[in-house]
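Trainee: Based on the provided sequences and hints, a complete structural model is requested.
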Amino acid sequence: MIYDVVHRTTYRYAEPVDLSYHVMRLTPRGLPWQRVLRSTVIATPAPVRVHDTTDYFGNVSTYMSLEEPHEELVVDARCAVEVRFPAPPAAESTPPWEQVRDALDGGGLPAETGAVEFVRESPLVAIDDAVRDFALPSFAPGRPVLSAFLDLNRRIKSDFAFDPRATGVATAVREVMQLRRGVCQDFAHVMIACARAMGLAARYVSGYIRTHAPVGQTRRIGADASHAWIGAFVPGAGWIDLDPTNDLVVSEEHVVLGWGRDYGDVAPIRGVILGGGTHRLDVSVDLRPVDLALASDQNG
Amino acid sequence: MEEARLSEAAVAASAEAKLPPFDEMVTGGGQIRPHWQPLMGAMRTLPQGALAERVDRARRQYDENGVTYNVFAETRGPQRPWQFDLIPLPIPAEEWAEIETSLVRRARLLDRILADIYGAQTLIRDRLLPPALVHANPAFLRPCHGIVPANGAPHLHFYAADLARGLDGRWRVCADRVNAPSGAGYALENRNVLMRTLPELFQASAVRRLGAFYDIWQSALSQLAPRHRENPRIVLLTPGPYSETYFEHVYLARQLGLTLAEGADLTVRDAKVFLKTLGGLQQVDVILRRLDDDYCDPVELRPESAIGVAGLVDAVRAGSVTIANALGAGVVETPAILPFLPGLATRLLGEDLGLPSVETWWLGQRPVFDQVTARLEDYVFRPCFPGDALEPTVVGSEVEPARRKAFVERLAARPHRYVAQSRLHKSAMPVWTPTGLVPRPLMVRCFLVHHEGNYVPMPGGMTRVAADDSGIDISMQRGGAAKDTWVIERDVVPVVVDTRKPASREPLRRSAGELQSRVADNLYWLGRYAERLDNAARLMRACLMRIPAGGSSARELAEFQALARMLGDRGLVERAMGGLPDGRSMIEAMGHACGRDQGLSHLFQAIQRIAPTVRDRLSADMWNVVNELLRDARLRLEGQPGDADRLLEGMDHAIGVCAAFHGMASENMTRGSGWRFLDLGRRIERALHGATVVRDICSAAGPGSEPWLRMLLELCDSSITYRTRYMAAVQAAPVLDLLLCDETNPRSVQFQLQQIAEHLDRLARRDIRPLSQPEQKIARAALTAIELFDVERIGSTADRDAMSMLFDLLAGTQARLAELSEALTRAYFSHVETVQSIGFEIAPARGEGA
Chain S
1 MIYDVVHRTT YRYAEPVDLS YHVMRLTPRG LPWQRVLRST VIATPAPVRV
51 HDTTDYFGNV STYMSLEEPH EELVVDARCA VEVRFPAPPA AESTPPWEQV
101 RDALDGGGLP AETGAVEFVR ESPLVAIDDA VRDFALPSFA PGRPVLSAFL
151 DLNRRIKSDF AFDPRATGVA TAVREVMQLR RGVCQDFAHV MIACARAMGL
201 AARYVSGYIR THAPVGQTRR IGADASHAWI GAFVPGAGWI DLDPTNDLVV
251 SEEHVVLGWG RDYGDVAPIR GVILGGGTHR LDVSVDLRPV DLALASDQNG
Chain L
1001 MEEARLSEAA VAASAEAKLP PFDEMVTGGG QIRPHWQPLM GAMRTLPQGA
1051 LAERVDRARR QYDENGVTYN VFAETRGPQR PWQFDLIPLP IPAEEWAEIE
1101 TSLVRRARLL DRILADIYGA QTLIRDRLLP PALVHANPAF LRPCHGIVPA
1151 NGAPHLHFYA ADLARGLDGR WRVCADRVNA PSGAGYALEN RNVLMRTLPE
1201 LFQASAVRRL GAFYDIWQSA LSQLAPRHRE NPRIVLLTPG PYSETYFEHV
1251 YLARQLGLTL AEGADLTVRD AKVFLKTLGG LQQVDVILRR LDDDYCDPVE
1301 LRPESAIGVA GLVDAVRAGS VTIANALGAG VVETPAILPF LPGLATRLLG
1351 EDLGLPSVET WWLGQRPVFD QVTARLEDYV FRPCFPGDAL EPTVVGSEVE
1401 PARRKAFVER LAARPHRYVA QSRLHKSAMP VWTPTGLVPR PLMVRCFLVH
1451 HEGNYVPMPG GMTRVAADDS GIDISMQRGG AAKDTWVIER DVVPVVVDTR
1501 KPASREPLRR SAGELQSRVA DNLYWLGRYA ERLDNAARLM RACLMRIPAG
1551 GSSARELAEF QALARMLGDR GLVERAMGGL PDGRSMIEAM GHACGRDQGL
1601 SHLFQAIQRI APTVRDRLSA DMWNVVNELL RDARLRLEGQ PGDADRLLEG
1651 MDHAIGVCAA FHGMASENMT RGSGWRFLDL GRRIERALHG ATVVRDICSA
1701 AGPGSEPWLR MLLELCDSSI TYRTRYMAAV QAAPVLDLLL CDETNPRSVQ
1751 FQLQQIAEHL DRLARRDIRP LSQPEQKIAR AALTAIELFD VERIGSTADR
1801 DAMSMLFDLL AGTQARLAEL SEALTRAYFS HVETVQSIGF EIAPARGEGA
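Chains S and L supply the protein sequences, listed in that same order. The numbers in our numbering rise by one with no breaks, and the one at position 300 of the first sequence is 300. For any residue, its number in our numbering is found by taking its place in the second sequence, counting from 1, and adding 1000.
Treat the hints with caution; some may be incorrect.
Residues of chain S clear of chain L, computed beta-carbon distances all greater than 10 angstroms [unchecked claim]: (1) Tyr11; (2) Val36; (3) Val60; (4) Glu67; (5) His70; (6) Arg120; (7) Ala130; (8) Leu150; (9) Asp159; (10) Pro235; (11) Gly271; (12) Leu274.
Distance ranges between label pairs, derived from CB positions [claimed, not checked]: (13) Val50/S - Asp1126/L: 47 to 53 angstroms; (14) Leu1557/L - Glu71/S: 53 to 59 angstroms; (15) His1145/L - Arg12/S: 51 to 57 angstroms; (16) Ala161/S - Glu1514/L: 55 to 61 angstroms.
Since the hints were derived computationally from the structure, they do not count as laboratory data. This structure is a prediction, so every number in the text was calculated from the model and none was measured. Heads up, the beta-carbon is just placed ideally off N, CA and C, and yes, glycines get one too.
Mentor: Okay, here's the thing in structure tokens:
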């Protein structure tokens, strides 16, 4: 499936901002299952410096600084990508979760997978008893690891209410566990915390989800916005992407921007402004499947 | 193999616990060790009681030099006087040689490990370093991965190691200090004070000098510069005056010839770092970092850091600036790495480690965890990552049997965050107390700097002794004391080699050239607050002298009430007191105002807040006056409710100290821009005071009444001037002329305005701005208004027109002074802006529903 994405972020400041610095992760990652056909990030007013680097996790990170006073900043990220996630293995064929845990803990696993990086707590993912207690029912002894992950994915969707007003970006996992409500970012953090509480590897994936649902299905939560889900490590298959907000196995309706240990590693835009007073943020995302005939033309 | 090592250590630990500690001074046979003999001999020749007197002298020296250690930095708590002990720790040259060799090797090793962690990470892939030890360590700064220090600089420029000697007499490294090591300034100051107070000791032993180390350090810093290495601009980045070791930052900046800068003094433009000065932005080449690395840049590191420099990581990545130590260096400070160092040394250096580390086990590995927790009583348990540093150290043998299970469970929840260490029974050395020498456990901090491809150790260090003899933790924070550390040559007195390169000839300079905007801002406000305190004390004094007694006349009562109202208007006493207070309640109100968190003490607090930030701009004597003002004058005033005499004395004292401060400023400060801003603050405040007081009194009584005019002269400190000019007659026009218009009276408003105008002209000239600037125009307007005022029209009879002109003039002057202060801020201080992080506190598409 090929998508055209327009992601516009607008900051309006109460007072002029004299200087600002931003780090953006708005360029989709090239992956075996995701081809980036084109991608641009354009800021207005024009920054003095724009610089792309590959960050520690391999994501494209765009650094920019603005040195002229401005009262509004618009960042337009546009891309076209073709995605087709590989089909996950049959859940029952995956190894028992304890075996994965021990492999991650004790070695025996080639470090190159990089999975060990995603086993421990991270700044926004703290593990406590509430997390452990919630995770346990999905991890019956000997249960195949993917089956456990799928169960967890389903339980988060059914036990947590989607409520954009309940949480903010700084809301801790602990609080989300109490509230039992939140948004995609919170659910991803909860699921990651549960996985890591069991000694498994899970990473935070930032991206987009398809705007219009296929005919006959209801419109999915999370449309027209940036989205977040998780990657679960399953030896043999690599990373399987699961979306606890929608209880989905990610296949071809998600576009990946990048991943990290938690939101903090892959925030779409973070930055520092000097001056500015209070500010307002508007974000709009338009993700549109490209007409297939046209797409095949493009692909020659 | 792991198992065998563990149980061996356990046996050794339980055996060791019963032995006395190694004695630095005396052998097992009761003999004084040879390298102590000259030292102790020299001590014995001191006359009776001399040592106590020298201790006092040293105490005064430390105090005068302002050596402090801020104990509770985060709560802006007290500056604790420096704790010291005069008996140095001598180390024989042969023994020192082994320490040096080991530490040089260790520094090279840590630098190589850093290069790998922030580069290819082959050590993790090859299992020489467990992944969690790096990945789960908050000191591992991922945004800094892949940055290669500019110009071949090392990651580890400056390294410190804490050493202690065990029962077997062998030195061990207890901790590696890598992030932003402190102590090198204190070490030099300890040496200097000891040389001044006990010079006799140095005649008896051949002690290696420290000076050359700082020269090498200075040259090493220059060589870090990515560009113009001949004359690079190097700053010492400090967290600011509330940092525990701020004294040392000021001291080292002076010693090494660096500009002391806080985060707010620096700005990043187009991936280059600049110092914000009155003369504009000056590019910075090297940053000696005393700020913890994770606080250095809110854009890519801790977003909540308000003391960093936005964009710094990007500038480092671009290679335009070198930071020493490199950002992220703190990752190897964790004690969790200690058990892996021997293997890493073999792999990376092909050598053994030399001096061992204190025996340490990282609990992040299951077999180690199981074995260590089976014998809790043999170990001390510590958190090993920086975020957990506040968790206490737990001595295994002190965990009650009933709580052992819970304790092990706590460790098991996050085993990778803890280490177990065998308890080191540190060696002891004598410490002087008034009742005699007592033995105390000690630790030595050694320092090394990277210079021309190798590490050069400081021949000495900072020895710290524990406050008591438990010796589990020795730190200045926990009340230990510092000592000088000597490396002793065996026989010959070493020739002092001056390794300083012949300095290239310095061009003559008439100014320091680059006053930071923030410092100018702070000096300006220091000037204002000191003057405001002076004025406040004068008003209160005048009021205290008019406390109504039985026979007070109606006029005296009216004067008293007018003063009470003025104090109320200025927020110096509760405004409710401004009505018709009686003498008793007024005294109490003033006493209260001098107490904590009240009118006058707000001024003291303001001065206390600002003064440390400009400390490196004040001479030692001025600093002492500020200290005096803060400590003594405040003490005298606090807690005197109800005692008018004591309050009066206190006011006199405070006025005297303010005068001393201003006097020193005009006598001892060079007429650079720093002095101009201090004086501008004082002049603006004084002009405001003059205009306001004249206005208050004239509206209370009209200008005609003689007693009121006398009070006005008193409040403006111009009584004597008036008397010498006009003998007895006190009339309105001459008084107002003297206080407002007379440019020869240093207390007149016009005099202040002239000074202000001159300062502004001089400051503007250095900017080479051809046209008059807004602040200059405002000052001219204020001057002209007073010049044009016809003071002769103010007679003793009330001339309504004349009076309204006077009030217009005073109100206009007040307004212009306020405008002037704002114009100054815009012209010179506007570089100082609030920084806020965005995007981290705002979810992606919050409210729109992802």
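Trainee: Of the hints given before, which are not true for this structure?
Mentor: Hints 1, 4, 6, 11, 12, 13 and 15 contradicted; others consistent.
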